[in-house]
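Could you build all of it, start to finish, from the sequences and the hints given here?
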Amino acid sequence: MAIKVRFFASLREDTGLDHLEIAANDIAQQGITTATDVWMAATRGQPLPAQALCAINRDHAELGAAVNDGDEIAFFPPVTGG
Amino acid sequence: MAVELYPESFEPLQRLANYEATQLPIGSHGACASFIGSMRDFNEGEAVAGMTLEHYPGMTERQLEEIVAEARERWPLLDALICHRIGEIDIGEPIVLTACWSAHRAASFDACRFLMEALKSRATFWKKERLAGGSSRWVEKNTPG
Chain A
38 MAIKVRFFAS
48 LREDTGLDHL
58 EIAANDIAQQ
68 GITTATDVWM
78 AATRGQPLPA
88 QALCAINRDH
98 AELGAAVNDG
108 DEIAFFPPVT
118 GG
Chain B
87 MAVELYPESF
97 EPLQRLANYE
107 ATQLPIGSHG
117 ACASFIGSMR
127 DFNEGEAVAG
137 MTLEHYPGMT
147 ERQLEEIVAE
157 ARERWPLLDA
167 LICHRIGEID
177 IGEPIVLTAC
187 WSAHRAASFD
197 ACRFLMEALK
207 SRATFWKKER
217 LAGGSSRWVE
227 KNTPG
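Sequences listed follow chains A and B, in order. Reminder that position 14 of the first sequence reads as 51 in the numbering used here, one-by-one numbering, no gaps. Reminder that position 106 of the second sequence reads as 192 in the numbering used here, one-by-one numbering, no gaps.
Hint data in this document are derived by calculation from the structure and do not stem from the laboratory. On a predicted model such as this, the values are computed, not experimentally measured, just so you know. Where hints are given, some of them may not hold.
Unchecked claim - What follows is a list of derived Cβ distance ranges for each label pair:
no.: 1; chain 1: B; residue 1: 218; chain 2: A; residue 2: 103; range: 45 to 51 Å
no.: 2; chain 1: B; residue 1: 158; chain 2: A; residue 2: 96; range: 16 to 22 Å
no.: 3; chain 1: A; residue 1: 62; chain 2: B; residue 2: 138; range: 36 to 42 Å
Unchecked claim - From chain A, some residues computed to sit far from chain B (all C-beta separations above 10 Å):
no.: 4; residue: 53
no.: 5; residue: 73
no.: 6; residue: 89
As the list claims (entries may be wrong) - Here chain B is said to cover these stretches of chain A; the calculated rule only asks that three of the stretch's residues, wherever they fall, bring their Cβ under 8 Å from a Cβ of chain B:
no.: 7; region: 57-66
no.: 8; region: 107-119
Just so you know, even glycine gets a beta-carbon here, dropped at the ideal spot from N, CA and C.
Following this line, the structure appears as structure tokens:
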């Protein structure tokens with residue numbers, strides 16, 4: 038298993054990342070327990086933008102929310118549809 | 087109810103008429119309120135040439151379905167429809183259609199406004215504008231209603 042990480046809109050462009058996976062071994066070895074931990078691991082320590090939002094398994098979530106092996110974590114800026 | 091995303095331009099009035107004709111029995115409703123949002127050629131004091139609308143496949147559709155379900159819990163609606171563009175959008179093209187059908191006007195009016203405001207504040211869409219000068223920028227916030 039792994040954690041799937043996705044980036045949208047300006048966060049995709051700013052990080053230069055579209056999607057990636059964090060392997061189960063790395064989740065344990067790097068002590069990844071929250072969405073913020075996922076950001077830090079996925080971006081190799083890029084600063085988390087103040088306006089960044091996240092979703093876990095396609096539901097809005099807090100950045101401090103717990104993540105689990107098999108989750109899909111997405112990072113994106115505030116929405117601007119309609 | 088229906089939630090539809092369009093990667094190409096769509097005709098909202100035609101879709102509205104077609105949906106009503108095929109989904110709502112004749113005489114079943116006394117009110118239909120609808121809203122159409124279109125691509126304008128200015129924003130934040132600058133001339134805009136077009137935009138790209140990005141979404142989160144799977145999450146966006148589900149959010150829109152949840153917003154419609156919430157509206158149906160709050161108001162006595164007979165039906166509701168959300169159509170939303172994604173992809174490249176040119177000036178003047180429709181971006182979004184929301185429509186609600188009910189027995190009387192209050193529910194349709196109020197629910198239709200709710201669909202738009204909920205969609206704008208919750209649904210995972212992001213606009214990137216192409217400015218007339220050739221540059222582009224992400225829209226960082228929605229305009230007040």
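Each hint tested on the structure:
1. 218/B x 103/A: 45 to 51 Å: 46 Å, holds
2. 158/B x 96/A: 16 to 22 Å: Taking Cβ atoms as reference, residue 158/B and residue 96/A lie about 20 Å apart, which means the hint holds.
3. 62/A x 138/B: 36 to 42 Å: 37 Å, holds
4. 53: The claim holds: residue 53/A sits with its nearest Cβ about 15 Å from chain B, beyond 10 Å.
5. 73: Residue 73/A is indeed farther than 10 Å from all Cβ atoms of chain B, at 19 Å.
6. 89: Holds, since 13 Å exceeds 10 Å.
7. 57-66: violated (count 0)
8. 107-119: holds (count 8)
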